[in-house]
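Number of protein chains: 2
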Amino acid sequence: MKNNIEIGLLGLGTVGNGIIHILNHHKKELIAKTGATDVSVRKVLVRDLEKQRGENVNKEMVTTKAEDVLDDPNIDLVIEVMGGIDEAKQYIEKALRNKKHIVSANKDLIALHGDELLSLAEENNAEFLYEASVAGGIPILRSLTEGLASDRITKMIGIVNGTTNYMLTKMTKEELGYDEALQQAKDQGFAESDPTADLEGLDAARKMVILARLGFSASVRLDDVYLKGMNAVTAEDIDFGQQLGYTLKLIGIAHRNEEGIEVSVEPVFIPEDHPLASVHDEYNAVYVYGEAVGETMFYGPGAGSLPTATAVVSDVMSVIRQIRLGAATQVNVADKSETVLKKEEDIRAKYFIRLHVRDVAGAFKSLTSVFTSNKVSFEKLIQLPMESEELAEVVMVTHETSRTNFEQIINDIENLDVVETVKSRYRVEGGEADVPEQRDLALV
Amino acid sequence: MKNNIEIGLLGLGTVGNGIIHILNHHKKELIAKTGATDVSVRKVLVRDLEKQRGENVNKEMVTTKAEDVLDDPNIDLVIEVMGGIDEAKQYIEKALRNKKHIVSANKDLIALHGDELLSLAEENNAEFLYEASVAGGIPILRSLTEGLASDRITKMIGIVNGTTNYMLTKMTKEELGYDEALQQAKDQGFAESDPTADLEGLDAARKMVILARLGFSASVRLDDVYLKGMNAVTAEDIDFGQQLGYTLKLIGIAHRNEEGIEVSVEPVFIPEDHPLASVHDEYNAVYVYGEAVGETMFYGPGAGSLPTATAVVSDVMSVIRQIRLGAATQVNVADKSETVLKKEEDIRAKYFIRLHVRDVAGAFKSLTSVFTSNKVSFEKLIQLPMESEELAEVVMVTHETSRTNFEQIINDIENLDVVETVKSRYRVEGGEADVPEQRDLALV
Chain Y
1 MKNNIEIGLL
11 GLGTVGNGII
21 HILNHHKKEL
31 IAKTGATDVS
41 VRKVLVRDLE
51 KQRGENVNKE
61 MVTTKAEDVL
71 DDPNIDLVIE
81 VMGGIDEAKQ
91 YIEKALRNKK
101 HIVSANKDLI
111 ALHGDELLSL
121 AEENNAEFLY
131 EASVAGGIPI
141 LRSLTEGLAS
151 DRITKMIGIV
161 NGTTNYMLTK
171 MTKEELGYDE
181 ALQQAKDQGF
191 AESDPTADLE
201 GLDAARKMVI
211 LARLGFSASV
221 RLDDVYLKGM
231 NAVTAEDIDF
241 GQQLGYTLKL
251 IGIAHRNEEG
261 IEVSVEPVFI
271 PEDHPLASVH
281 DEYNAVYVYG
291 EAVGETMFYG
301 PGAGSLPTAT
311 AVVSDVMSVI
321 RQIRLGAATQ
331 VNVADKSETV
341 LKKEEDIRAK
351 YFIRLHVRDV
361 AGAFKSLTSV
371 FTSNKVSFEK
381 LIQLPMESEE
391 LAEVVMVTHE
401 TSRTNFEQII
411 NDIENLDVVE
421 TVKSRYRVEG
431 GEADVPEQRD
441 LALV
Chain A
1 MKNNIEIGLL
11 GLGTVGNGII
21 HILNHHKKEL
31 IAKTGATDVS
41 VRKVLVRDLE
51 KQRGENVNKE
61 MVTTKAEDVL
71 DDPNIDLVIE
81 VMGGIDEAKQ
91 YIEKALRNKK
101 HIVSANKDLI
111 ALHGDELLSL
121 AEENNAEFLY
131 EASVAGGIPI
141 LRSLTEGLAS
151 DRITKMIGIV
161 NGTTNYMLTK
171 MTKEELGYDE
181 ALQQAKDQGF
191 AESDPTADLE
201 GLDAARKMVI
211 LARLGFSASV
221 RLDDVYLKGM
231 NAVTAEDIDF
241 GQQLGYTLKL
251 IGIAHRNEEG
261 IEVSVEPVFI
271 PEDHPLASVH
281 DEYNAVYVYG
291 EAVGETMFYG
301 PGAGSLPTAT
311 AVVSDVMSVI
321 RQIRLGAATQ
331 VNVADKSETV
341 LKKEEDIRAK
351 YFIRLHVRDV
361 AGAFKSLTSV
371 FTSNKVSFEK
381 LIQLPMESEE
391 LAEVVMVTHE
401 TSRTNFEQII
411 NDIENLDVVE
421 TVKSRYRVEG
431 GEADVPEQRD
441 LALV
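In order, the protein sequence lines correspond to chains Y and A. Using the UniProt record's numbering, you'd call the opening residue of the first sequence number 1 and step up by one each time. Using the UniProt record's numbering, you'd call the opening residue of the second sequence number 1 and step up by one each time.
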């Protein structure tokens, strides 16, 4: 039983510094809770030896040679917070082959190569934990694999990208436009200088892949995710949704039923009294449905140096407990049965559609005939006059239909002479929205 | 390494039946996730041998003799869901001495004797888990001890009693009176026939004791909890609070700072945009503040057969993993440093006060002089005329002050000739409430 735990750290950015802060600041409690006599960072891989470091990092600790960390026999556990894919993967593989336990915050890597790395960890009797890779400070992976372990999870709905949630909150509450909201997110440090992966939903998709794998014990690949970014969202769409009782969020959905699994990331309207609708600003939340437990939700900061570092160090503590128990072997016995993805025609949802329709006799009849011939009715509809007297704004929410049928409907609508343009279309989730009576709507 | 895990069950009420349902219904996944070859219930202690049981309970399994469960060498793990204190304690102690692991859902027992039973478990190298004892299906204990293990928790605010939250939701949203709300809770199965422990806050206090102990690694006793039930809450109080932007909830608060620890349960006003304010009906939630992670919240069902059983079976799975790892020993190394409770004068909060004041010249001056002489100002105030022309309704929210100072203020107010009666008083938590501009208030 090893009592003095020594850590190797790959990367010393904001999260790396947060980890060193927590390890030092909470050392007494950390030792008390794990029973270790000491927990310390032995070596840190950095890019620049000369850079000025904080008081807890001395010259002897830093190195630019990965092998100083990966081959040091005194190091029990390697924390990877360097990011990127190829180099990080190579280092983690080497550390695992050297029988070192791994804690990683690298969602890109785990979404792409998680299965492979976990197998390698198992072969080497090493732990591999990655709580920080999804929803920063929220202990959601642990809740899925342990707290709700006895249940059968059927659905997860996640707000797992802080940048887009911050922007959508500003667009909803302060009626900012897309560009203004993005600029504010950058100014506040909630968007990176290149926010493409956030705006296009790729960042959220990586996290949903990790959630779906763990929650469903299934093999889900990034390519399996249906992906639609928030680039086309407008303030008008949000406003029309609100008039119908909905809030727009960039939502990841992972769902399974007897037909298979679906994973998607797209802007989705949810009823404004749904718990996810009150997740504001840069906060994240994951709503989990289990057959037995029903509805639960886990809410907290999705990013940031200290929240992410908390998740990493909590993983470190789990590993230390395992080391101290002399049980440094995962009971990694996930269901290896084949993963079946739902067919497009089995992916069912309600949809919000916004159209500009020519204000001519028979226009409405042509429109409704498209729905009738595709066997879908709509549960809500607003028609509003527009400044141009020749056009009318039509907003509708359909009853549930399949994705293939919905695409057919959109195609048919676009071919109607009376339809000038399909302005926007969104999936609708989370049950029925109540349209407050006092709202001044031209409901048909 | 034992691969075939046999369970003894003490009690076969709604939760007990839920446990048997989940163990059977999810057996395949349970086995896959723990690596056990089988997990089954061997013996069940019941009161009545003749009672008709479900298809998963046969005659050979049930017994009325506790020793058939506690002394059976084949039983690895005992689940206690019989409730009550003395008998349950005695059985658990015997099982622990026989080196059996324990999973319990018994908050009354754990709030009173948790420390003692955990020590006995440690002596006998047995696991003792009790996730189901707090907030039913929400994996909150695990989140505190593992997910947020690396952080220093400073505050927990919990809605941990479903009965009172259901009633307060009805009183708030549908403007029901207290008695009507209680009757509905009974009709819906959310209140027991004798709801005293719920209404007086005792049930919530037990859960807060368990949360405070785990979250703060401290010894907190039930007697240490400041307790005020919801028996005196009126629909008018709720309505006046709403006018000031607050929602009333029966809230458990556990807070620690350099002055010590406080634990309380009482009806509290929180700002209506606080995440806890949108926890409706019978749902529970625990808001957790950690120094590093910041704000997190855990939301879900607080009771019910299957949610509670989910928590129990998840604990069972943790124990099985430990058994299979051959590591059946807790690394139970909580901080044993002495627990210091805050003094009354160090417990600080804002307060809501509602008064009936005689409508005479100088009344307001006498009232404000009480606050001035006690060095507290108020941040919000409404004065409204009443049907009786001689009286005015005055509602105010103070700035933060100590509990002792607040009691002095109430005492001074009650002694004023111009005050007819102090109608109600509530603690206010969770930051500033925005008073929406469009509200028609006589704000002074």
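There could be a bad hint or two in this list.
Identical copies carry no separate label here, and so any pair may be met within one copy or between two of them.
Mimicking EDC-like on lysine to aspartate or glutamate, the simulated pairs with C-alpha atoms at most 16 Å apart in a straight line are [to be verified]:
1. K59 <-> D48
2. K186 <-> E389
3. K27 <-> E291
4. K343 <-> E123
5. K99 <-> E344
6. K375 <-> D224
7. K28 <-> E291
8. K365 <-> D281
9. K228 <-> D359
10. K228 <-> D187
Keep in mind the hints are simulated off the structure, nothing from the lab.
Comparing the hints with the structure gives:
| no. | hint | result |
| --- | --- | --- |
| 1 | K59 <-> D48 | within (11 Å within a copy, 72 Å between copies) |
| 2 | K186 <-> E389 | neither (39 Å within a copy, 57 Å between copies) |
| 3 | K27 <-> E291 | between (40 Å within a copy, 14 Å between copies) |
| 4 | K343 <-> E123 | neither (35 Å within a copy, 55 Å between copies) |
| 5 | K99 <-> E344 | neither (43 Å within a copy, 53 Å between copies) |
| 6 | K375 <-> D224 | neither (28 Å within a copy, 64 Å between copies) |
| 7 | K28 <-> E291 | between (41 Å within a copy, 15 Å between copies) |
| 8 | K365 <-> D281 | neither (42 Å within a copy, 43 Å between copies) |
| 9 | K228 <-> D359 | neither (31 Å within a copy, 63 Å between copies) |
| 10 | K228 <-> D187 | neither (25 Å within a copy, 46 Å between copies) |
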